Amino acid sequence: MENKTAQQKSQADLLVEAQQRKQNQFRMGAGATWGVLLLVLIFLFSGKTVLGFETIQLDTEFMRENIVFIGSGLGQTLLISILSISLAICLALLAALGRLSTFPPVFALSTFYVSLIRGTPLYLQIFFFFLALPQLGIILSGLMAGVLALGLNYGAYMSETFRAALSSVGKGQREAATALGMTPLQTMKRIILPQALRFAIPPMGNDFISMTKDSALVAATGFVHEVLWRATKVGRAQFNSLEALLMAAIFYWLMTLVLTFFQTRLEARLAKGDR
Amino acid sequence: MAPIVRVSSLDKYFGRLHVLKNISLDVQPREVVCLIGRSGSGKSTLLRCINFLEEPSNGSIQVDGVTVESHGRGKEHRQLIHDVRLKTGMVFQEFNLFPHMSVLENVIEGPVTVKGMNRAEAISLAEENLDSVGMLFKKDEYPMRLSGGQKQRVAIARALTMQPRVMLFDEPTSALDPELIGEVLNVMKKVAKDGMTMLVVTHEMGFAREVADRVLVLGEGEIIEDAKPSALFSKPKDPRTKALIDRYRTGGR
Numbered sequence: 016m017e018n019k020t021a022q023q024k025s026q027a028d029l030l031v032e033a034q035q036r037k038q039n040q041f042r043m044g045a046g047a048t049w050g051v052l053l054l055v056l057i058f059l060f061s062g063k064t065v066l067g068f069e070t071i072q073l074d075t076e077f078m079r080e081n082i083v084f085i086g087s088g089l090g091q092t093l094l095i096s097i098l099s100i101s102l103a104i105c106l107a108l109l110a111a112l113g114r115l116s117t118f119p120p121v122f123a124l125s126t127f128y129v130s131l132i133r134g135t136p137l138y139l140q141i142f143f144f145f146l147a148l149p150q151l152g153i154i155l156s157g158l159m160a161g162v163l164a165l166g167l168n169y170g171a172y173m174s175e176t177f178r179a180a181l182s183s184v185g186k187g188q189r190e191a192a193t194a195l196g197m198t199p200l201q202t203m204k205r206i207i208l209p210q211a212l213r214f215a216i217p218p219m220g221n222d223f224i225s226m227t228k229d230s231a232l233v234a235a236t237g238f239v240h241e242v243l244w245r246a247t248k249v250g251r252a253q254f255n256s257l258e259a260l261l262m263a264a265i266f267y268w269l270m271t272l273v274l275t276f277f278q279t280r281l282e283a284r285l286a287k288g289d290r
Numbered sequence: 024m025a026p027i028v029r030v031s032s033l034d035k036y037f038g039r040l041h042v043l044k045n046i047s048l049d050v051q052p053r054e055v056v057c058l059i060g061r062s063g064s065g066k067s068t069l070l071r072c073i074n075f076l077e078e079p080s081n082g083s084i085q086v087d088g089v090t091v092e093s094h095g096r097g098k099e100h101r102q103l104i105h106d107v108r109l110k111t112g113m114v115f116q117e118f119n120l121f122p123h124m125s126v127l128e129n130v131i132e133g134p135v136t137v138k139g140m141n142r143a144e145a146i147s148l149a150e151e152n153l154d155s156v157g158m159l160f161k162k163d164e165y166p167m168r169l170s171g172g173q174k175q176r177v178a179i180a181r182a183l184t185m186q187p188r189v190m191l192f193d194e195p196t197s198a199l200d201p202e203l204i205g206e207v208l209n210v211m212k213k214v215a216k217d218g219m220t221m222l223v224v225t226h227e228m229g230f231a232r233e234v235a236d237r238v239l240v241l242g243e244g245e246i247i248e249d250a251k252p253s254a255l256f257s258k259p260k261d262p263r264t265k266a267l268i269d270r271y272r273t274g275g276r
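Going down the list, the sequences are from chains A and B. For the first sequence, the positions run 16 to 290 when my numbering is used. For the second sequence, the positions run 24 to 276 when my numbering is used.
Think of the hints as simulated: they come from the structure by calculation, not from any bench. Since the structure is predicted, the reported quantities are computational estimates derived from the model, not experimental observations. Ideal Cβ positions, reconstructed from N, Cα and C, are used throughout, including at glycine. Nothing false has been slipped in among the hints.
Here are some of the chain A residues that sit facing chain B, going by a computed Cβ distance under 7 Å: (1) Ala194; (2) Leu195; (3) Pro209.
All chains should be modelled from the sequences, with the hints used to inform the complete structure.
Pasting the structure below:
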């Protein structure tokens, strides 16, 4: 008996091992290809001539001089993103709950908000808060206008994610909580939301990453000194836009890589109970 | 003896469908009552009306001295429903364990969140009940990793840990693989033996015959027979009861 289970286990282990080996091979292959693609990209901008093929020559002196100036916009970019995503999450949750409400005015308020915001360009919304509101005596800083516009905009889109996530929790869960004597609020907080959030985290992560890049639109107000604003400023002034924008692109890319890493970790942590 | 559950003139409509027709029913303390009937006979709905998972259309429910009328409104009414729910534990066909919580967290959730019991006290009570359903060894596991029978035993422990006066079972073994039914029925027998008042909607005729003090047969929203299992299974009065019993006999259970 003892022997038999030991044998079965080792067979299961063998299968797992084989699976892991396959996975590792795949990962190594994919990683190597990434490396090659990166090298090709770097080579394209290296300025070297190989076999008569001329690559792009960058003004490295300009890049060295301005990397700190452009990079110090990262703080502003992150600040806008974090403030906006916080606002967006609150609005999205309210809108999603409103969308699921059986009370007509609440439902209407939610759908009206989502429709209005999704029906107009983000770029317009940023300018509306920054340029149009002062006409009504409401003056917002570039940062405030940007955060409000981004928050409202992403809130509208994310509300659909939240709604789907909330609906994905079966009605048996609500009934079990109700039968235990939980109030609707307790049921929402303790039972429905934690399960819904798990569904919502991957798309929310996507939205956050997407938002860090859309935060560049706030540069258009001319008063928020984030990465893109700095890149265009020095690029135009010294006719080095190629270098300046390349550096900005790399900063954005690195930022999304870091965020993606954290998103993956968070997803793994939230997946407990699914194992 | 005063009944612990009293259902008086209960009606339930789903739209124009009249699913429960003027049902009245008394259950004595420590009594085990099985509700049987074909699907659509209203037996689950009757059970769900007792703890107001379904709002009755007419009539009233009384559990352990708390009376709730249908058509009630407002804060007082909600408080009465809450009181009734605290006095009733419910076990569902689909278990409905909370998948994001471990077994132990599932079981202490009610006492801690609803009753405000302190955590340590809830844990010791929960462990006691998990032990009595034979699931203490899985207390840190998540529901995903349990078999159906194990999930249902945890669900029973979860309901018991609220220390209800009455337990409601809504087809507790219908979603289980046949070889897992026995372990759940055994736990239910134990709960009955410990003196719990139980209302059980079931298709398990063997369980009804062995454990029930009374068997109610529902048909088209009415109680068509109410008898001791020995009498009911040997000499059914209503032809519909006879047909029902025969069907299970030929079905093997």
